[in-house]
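A.B. asks: Protein chains in written order, with my numbering: chain D, 1 to 404; chain L, 1 to 329; chain C, 1 to 329.
Please keep in mind that the hints were generated in silico from the structure rather than gathered at the bench.
For every residue, glycine included, the Cβ atom is placed at its ideal position computed from N, Cα and C.
One thing to keep in mind: the hints can contain errors.
To be verified - Quick list of in silico lysine-lysine cross-link-like pairs, BS3-like style, CA-CA up to 27 Å:
{"hint": "1", "chain 1": "C", "residue 1": "51", "chain 2": "L", "residue 2": "227"}
{"hint": "2", "chain 1": "D", "residue 1": "58", "chain 2": "L", "residue 2": "33"}
{"hint": "3", "chain 1": "D", "residue 1": "58", "chain 2": "L", "residue 2": "300"}
{"hint": "4", "chain 1": "L", "residue 1": "254", "chain 2": "D", "residue 2": "43"}
{"hint": "5", "chain 1": "L", "residue 1": "184", "chain 2": "D", "residue 2": "31"}
{"hint": "6", "chain 1": "L", "residue 1": "300", "chain 2": "D", "residue 2": "21"}
{"hint": "7", "chain 1": "L", "residue 1": "250", "chain 2": "L", "residue 2": "184"}
{"hint": "8", "chain 1": "L", "residue 1": "227", "chain 2": "D", "residue 2": "21"}
{"hint": "9", "chain 1": "D", "residue 1": "31", "chain 2": "L", "residue 2": "272"}
{"hint": "10", "chain 1": "D", "residue 1": "3", "chain 2": "L", "residue 2": "261"}
{"hint": "11", "chain 1": "L", "residue 1": "227", "chain 2": "D", "residue 2": "31"}
{"hint": "12", "chain 1": "L", "residue 1": "194", "chain 2": "D", "residue 2": "31"}
{"hint": "13", "chain 1": "D", "residue 1": "157", "chain 2": "C", "residue 2": "51"}
{"hint": "14", "chain 1": "L", "residue 1": "300", "chain 2": "D", "residue 2": "3"}
{"hint": "15", "chain 1": "D", "residue 1": "88", "chain 2": "L", "residue 2": "300"}
{"hint": "16", "chain 1": "L", "residue 1": "33", "chain 2": "D", "residue 2": "88"}
What the hints assert, rightly or not - Away from chain L, derived, C-beta distances all over 10 Å, residues of chain D:
{"hint": "17", "residue": "8"}
{"hint": "18", "residue": "32"}
{"hint": "19", "residue": "52"}
{"hint": "20", "residue": "60"}
{"hint": "21", "residue": "126"}
{"hint": "22", "residue": "188"}
{"hint": "23", "residue": "212"}
{"hint": "24", "residue": "269"}
{"hint": "25", "residue": "313"}
{"hint": "26", "residue": "319"}
{"hint": "27", "residue": "335"}
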Amino acid sequence: MAKPLLMLALSPTMQQGLIAKWLVSEGDTIKSGDVIMAVETDKATMEYESPQSGTLLKIVAAAGSRASVGQLVGIIGTAGEDLTAVLKEATTPAAPVAATTSAPVLAKAKNPTPLKRPNLIFSNRKPASPLARKLARDAGLNLLAVQGSGPNGRIVKHDVEVAMLQASGRKLQPTLDLTTLPKGHTLPLSEKRRITAERLSQSMYTAPHYYLTMAVEIDNLLATRAKLNQDRTDKLSLNAFILKVVADALTEHPTINRTWANDQLYQFDTIDIAFAVALEDGLITPVVRDAGSKSIAQIDQDIRTLVEKSRNKTITLPEFTNSTFTISNLGSFDIEEFTAIINPPGSAILAIGKATPTPVVDKDNQIIIRQLLKLTLSCDHRVIDGAVGAAFLKALKNLLEYPQ
Amino acid sequence: MTQHKDFLTRLLRQMLLIRRFEEKSGELYGIRKIGGFCHLYSGQEAVAVGSIATLDLSRDHVLTAYRDHGHALAIGMDPKVVMAELFGKSTGSSKGKGGSMHLFDPNRHFWGGNGIVGAHIPVATGVAFKIHYNEEAGVVLCFFGDGAIHQGVFHESLNMARIWNLPIVYICENNQYGMGTDYKRVSAEPDFYKLAQSYRMHGEQIDGMDVEHVYDQVMAATAMARKGNPVLLEAKTYRYRGHSMSDPAKYRTKEEVDQFKTQDPILHLKSKLMNNHDLTAEDFDQLDQEAMTQVENAVKFADESAAPAVESIFEDVYTNNSSPPPGES
Amino acid sequence: MSLLTFREALRNALIEEMDRDPTVLLMGEEVAEYQGAYKVSQGLLEKYGPKRIIDTPITEAAFTGIAIGAAMAGLHPIVEWMTFNFGILALDQVINNAAKMRYMSGGQTSIPIVIRGPNGPAEFLGSQHSQNLASILTHIPGLKVICPATPYDAKGLLKTAIRDGNPVMFMESELMYQLQGEVPDKEYLIPFGKADIKRAGQDVTLLAYGRELHTALAAAEQLATQGIDAEVIDLRSLRPLDSETIFASVAKTNHLVIVDESWPIASLGSYIAHLVAHDCFDLLDAPIELVQMEDVPMPYNHALELAVLPSMDKIITAVQLSLSSTQQA
């Protein structure tokens with residue numbers, strides 16, 4: 001039976017050989033192991049030993065031609081045999097012969113001694129990488145407030161960096177070298193001051209702020225207040241009136257009473273309005289709960305109680321956190337207008353200046369004097385678009401100018 | 001006489017199968033179907049075939065080194081599973097985990113195939129120890145090359161085989177070169193069979209190119225060994241190919257190779273059968289053709305066999321068996 | 001319960017298993033007529049005769065190989081290396097044959113052999129006789145590695161080792177043979193791959209095995225006087241390794257000190273440190289501490305010897321370091 005004579009790898013790296021010379025001719029009888037060709041490889045001229053015995057029936061690759069490893073170079077068999085089958089087979093290219101194959105991928109490692117991994121249960125601590133812990137420690141960041149994105153909710157470097165970005169732009173800069181500062185000394189830091197710094201930095205650097213300012217005539221409001229207070233020993237404060245009006249405006253515009261939470265909009269069910277109170281050791285923002293359903297008198301009473309508690313430090317955490325809207329009034333300091341930083345989780349804060357008698361042109365083109373109040377609304381653009389904020393402010397103006 | 005002819009024809013068939021198998025292995029190595037180290041047995045066929053023909057493999061045992069294709073085939077392993085193992089296929093005797101140097105067939109008492117020169121000599125001695133311990137009738141043939149004979153474990157093993165009277169025949173296949181080193185250059189005593197004397201053991205040099213002679217000598221040696229007298233045989237033989245496939249064998253002359261080829265064990269037996277037993281040239285060609293067909297079938301089988309599953313890498317590291325099985329104590 | 005020495009516990013295990021299974025035998029230097037270099041096999045020659053209690057010549061490589069061959073062919077040999085230091089001569093047989101034969105044969109063979117003897121430093125013995133080779137052997141897939149530390153564990157684990165179908169390296173300590181402990185009179189087995197909590201604690205996990213277990217326990221008692229409640233885990237089985245028990249303890253204490261009588265580089269201790277660092281990453285409150293041999297050969301002078309070894313002081317310092325790094329954080 002006729003058999004193909006193939007080019008063989010004569011060195012470990014040989015891919016192709018140049019047939020320098022055939023040492024036998026067609027018709028010669030050859031024995032297995034006989035040297036029948038001289039082949040130039042990438043390294044040297046090598047002797048090609050026949051792997052088979054028989055008669056060389058045909059030389060397919062002549063001297064001077066190149067043959068790849070595995071390619072047909074001749075045919076061996078018995079004289080007179082039909083060669084067509086061998087030749088035909090050889091025209092179909094030989095399967096590529098790979099010296100190396102790429103490593104197959106284990107679908108699922110089936111280790112004979114599987115390791116039992118511990119259940120991770122964290123009661124009093126959050127998992128954090130050592131690097132994350134160090135970064136947080138250096139930055140004065142409380143890890144409990146950081147959201148972990150790693151396996152098992154592990155806080156990793158990236159999470160701390162995000163939290164730092166949120167907490168303070170300043171903190172992204174290298175820690176300040178105190179010796180380079182003008183002479184002075186560090187002061188004890190109150191918890192209120194620290195939280196205020198942290199939360200408002202976070203707000204400023206995560207909530208994209210924009211500001212809307214509007215002047216409001218409050219002569220009618222002042223008149224209404226005076227009228228209501230006529231018969232009262234405990235006079236209703238202007239702040240109570242403003243807070244009530246803001247609550248009514250928020251009832252009309254619930255789109256303001258929302259927040260941005262975990263990349264989603266979150267609608268608050270009740271209107272909880274905080275108002276800023278400046279204390280000696282820092283700012284505090286007590287909250288009037290469910291202001292939308294309370295009367296002015298109730299609101300006024302709430303404000304009195306909360307301010308009292310704030311001053312004598314009996315106020316509790318739930319009483320000054322989690323507001324849905326905030327009012328800050330610096331009118332008593334003769335500030336005409338200012339912009340405030342949103343107090344999370346609310347999405348807007350109303351900054352109120354001093355009511356100032358101002359000449360204005362009325363609808364009959366007469367110059368008259370009116371008590372004008374400058375209102376500035378800071379909005380989180382993720383929640384409140386410009387027109388929405390403006391509409392709210394317009395509604396607020398209406399309610400203030402024409403109180404019921 | 002007919003019986004003798006049948007017997008010799010059987011040996012001829014086996015030698016032809018090995019020769020054709022090795023030629024094909026070399027060729028397939030050349031086109032990179034077979035990789036790694038591949039040590040061919042061409043030229044040495046008479047040693048494995050003549051020796052193993054003396055055995056009763058229901059009780060006798062065989063161990064050899066890395067040039068093991070010939071022994072595997074002589075023991076009766078299916079050329080298909082041997083070729084599939086060379087191809088690294090799942091149908092190979094070791095499921096593609098052993099390769100050329102690690103052919104095993106424990107059912108036929110063939111305990112490998114070992115890739116470390118001389119490392120199997122104590123292991124073979126241990127199999128003989130088991131026969132002795134259990135007071136069985138078997139014998140062990142331990143094959144190794146001239147390169148292994150200077151390893152410490154060879155001498156340590158012969159010493160213990162003698163002091164414990166183990167049923168083992170050590171067969172040194174002296175093919176003249178330990179890799180590229182002429183055995184005479186590195187041997188204080190180049191007549192290896194004489195080393196047996198150091199261990200008060202029978203030693204003999206035999207013609208490893210004459211299969212019938214090998215058979216007779218090994219038969220005599222096993223008879224001694226079965227009685228607790230271990231034997232060292234030195235079979236003078238020759239390999240036609242390099243040490244392994246990457247060895248161009250530049251350390252010996254073409255004339256030397258040609259000279260040994262004139263003593264070719266297959267041609268030797270062929271002429272003996274033709275001269276004394278009416279074997280015709282056609283008969284021989286027929287036998288040769290059968291061997292080639294067997295090899296072709298083996299290649300086809302190996303080629304078409306599936307690669308082992310990747311997950312199988314974790315299998316066969318440990319056995320879960322214990323004695324008695326867990327829970328029984 | 002009886003109060004037995006470590007060596008008596010081992011001997012009782014040998015006796016029970018040799019009584020149970022006639023294929024179990026003991027082989028090694030001086031095990032029979034000399035009654036054992038460390039007297040573990042004392043009296044066994046008289047009880048079982050020279051057929052089963054076998055003195056060998058000083059040929060670690062070959063008698064280990066012989067035992068491997070005998071195991072492959074069906075016996076259950078126990079090899080005693082007079083010390084593991086001498087067993088280095090036989091590492092080819094252990095690593096290339098015992099550990100790999102099953103894999104290379106595609107699961108067709110198994111090597112049910114136990115290789116046992118003293119391992120690790122004793123005193124005044126110099127470098128060649130004072131080294132713990134547990135890490136080197138634990139490195140090898142295909143072997144099982146056992147290091148008992150109490151008479152109770154020694155007996156139960158040796159019995160399991162003898163029944164196991166795989167090669168088991170059973171590493172004792174010369175300095176523990178006299179150690180006494182309670183051993184049940186009734187037969188019992190201890191499974192491989194189960195660590196034992198020798199002392200429960202809350203503050204820090206001390207992981208140890210073999211002789212150093214006792215150093216770790218002493219350190220734990222000392223630490224208790226400082227108000228530190230250490231948990232001491234005895235690995236017992238190095239391969240297979242009981243990671244589950246280690247992880248559970250680290251989950252409880254968040255602090256890990258590994259006491260490993262190995263040189264530090266590429267050691268079992270460093271591997272366990274990796275496992276814990278990886279799988280208990282979020283449970284660690286401090287870097288893992290390793291208390292190992294100093295990275296030098298063992299000197300002869302006793303003061304220097306003690307300086308090289310793990311010690312109670314080194315363990316206590318490591319524990320304090322582990323606990324203090326938390327407070328800083």
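A.B. asks: All hints are to be evaluated individually against the structure, with a verdict given for each.
C.D. replies: Hints versus structure:
Distance check on the hinted pair: residue 51 of chain C and residue 227 of chain L sit about 17 Å apart at the alpha-carbon level, within 27 Å; holds. For the given pair, residue 58 of chain D sits about 25 Å from residue 33 of chain L by alpha-carbon distance, which is consistent with the 27 Å threshold. In summary, the hint linking residue 58 of chain D to residue 300 of chain L is supported, as the alpha carbons are separated by about 25 Å, within the 27 Å threshold. Between the alpha carbons of residue 254 of chain L and residue 43 of chain D the distance comes to roughly 21 Å, so the proposed pair stays at or under 27 Å and holds.
For the suggested pair residue 184 of chain L and residue 31 of chain D, the alpha carbons sit about 30 Å apart, so the restraint of at most 27 Å is broken. At most 27 Å may separate the alpha-carbon atoms for a hinted pair to count; residue 300 of chain L and residue 21 of chain D exceed this at roughly 32 Å. Restraint check for residue 250 of chain L and residue 184 of chain L: satisfied, since their Cα atoms lie roughly 17 Å apart, inside the 27 Å limit. Annotation: proposed proximity of residue 227 of chain L to residue 21 of chain D is violated, straight-line Cα distance about 59 Å (limit 27 Å).
As the CA atoms of residue 31 of chain D and residue 272 of chain L are separated by approximately 20 Å, the hinted pair is consistent with the 27 Å bound. For the hint linking residue 3 of chain D to residue 261 of chain L, the alpha-carbon distance of about 24 Å falls within 27 Å, and the restraint holds. A distance of roughly 45 Å separates the Cα atoms of residue 227 of chain L and residue 31 of chain D; the hinted pair therefore is violated under the 27 Å criterion. For the given pair, residue 194 of chain L sits about 37 Å from residue 31 of chain D by alpha-carbon distance, which is inconsistent with the 27 Å threshold.
Under the criterion of a C-alpha separation no larger than 27 Å, the hint pairing residue 157 of chain D with residue 51 of chain C is inconsistent with the structure, at around 68 Å. At most 27 Å may separate the alpha-carbon atoms for a hinted pair to count; residue 300 of chain L and residue 3 of chain D meet this at roughly 15 Å. Straight-line distance between C-alpha atoms of residue 88 of chain D and residue 300 of chain L comes to about 18 Å, which keeps the hinted pair within the 27 Å bound. Using a Cα cut-off of 27 Å, the hinted pair residue 33 of chain L and residue 88 of chain D holds, with the two alpha carbons roughly 22 Å apart.
Its closest Cβ contact with chain L, about 3 Å, brings residue 8 of chain D to no more than 10 Å, contrary to its assignment away from the interface. A Cβ of chain L approaches the Cβ of residue 32 of chain D within 10 Å, the least distance being about 5 Å, so the stated non-interface status is violated. Some Cβ of chain L comes within 10 Å of the Cβ of residue 52 of chain D; the nearest lies about 6 Å off, and the non-interface call is violated. Remark: the non-interface label on residue 60 of chain D is consistent with the geometry, its nearest Cβ contact in chain L lying 15 Å away (cut-off 10 Å).
In this structure residue 126 of chain D is separated from chain L by more than 10 Å, as the shortest Cβ-Cβ distance comes to about 37 Å. For residue 188 of chain D, the non-interface assignment is confirmed: its Cβ lies about 62 Å from the closest Cβ of chain L, beyond the 10 Å cut-off. With 10 Å as the threshold on Cβ separation, the claim that residue 212 of chain D sits away from chain L holds: the shortest Cβ distance comes to roughly 65 Å. With a least CB separation of 56 Å from chain L, residue 269 of chain D remains clear of the 10 Å interface cut-off, as annotated.
Even its closest Cβ contact with chain L, about 67 Å, leaves residue 313 of chain D beyond 10 Å, as expected for a residue assigned away from the interface. In this structure residue 319 of chain D is separated from chain L by more than 10 Å, as the shortest Cβ-Cβ distance comes to about 62 Å. With 10 Å as the threshold on Cβ separation, the claim that residue 335 of chain D sits away from chain L holds: the shortest Cβ distance comes to roughly 74 Å.
When held up to the earlier numbered hints, the structure conflicts with 5, 6, 8, 11, 12, 13, 17, 18, 19 and fits the remainder.
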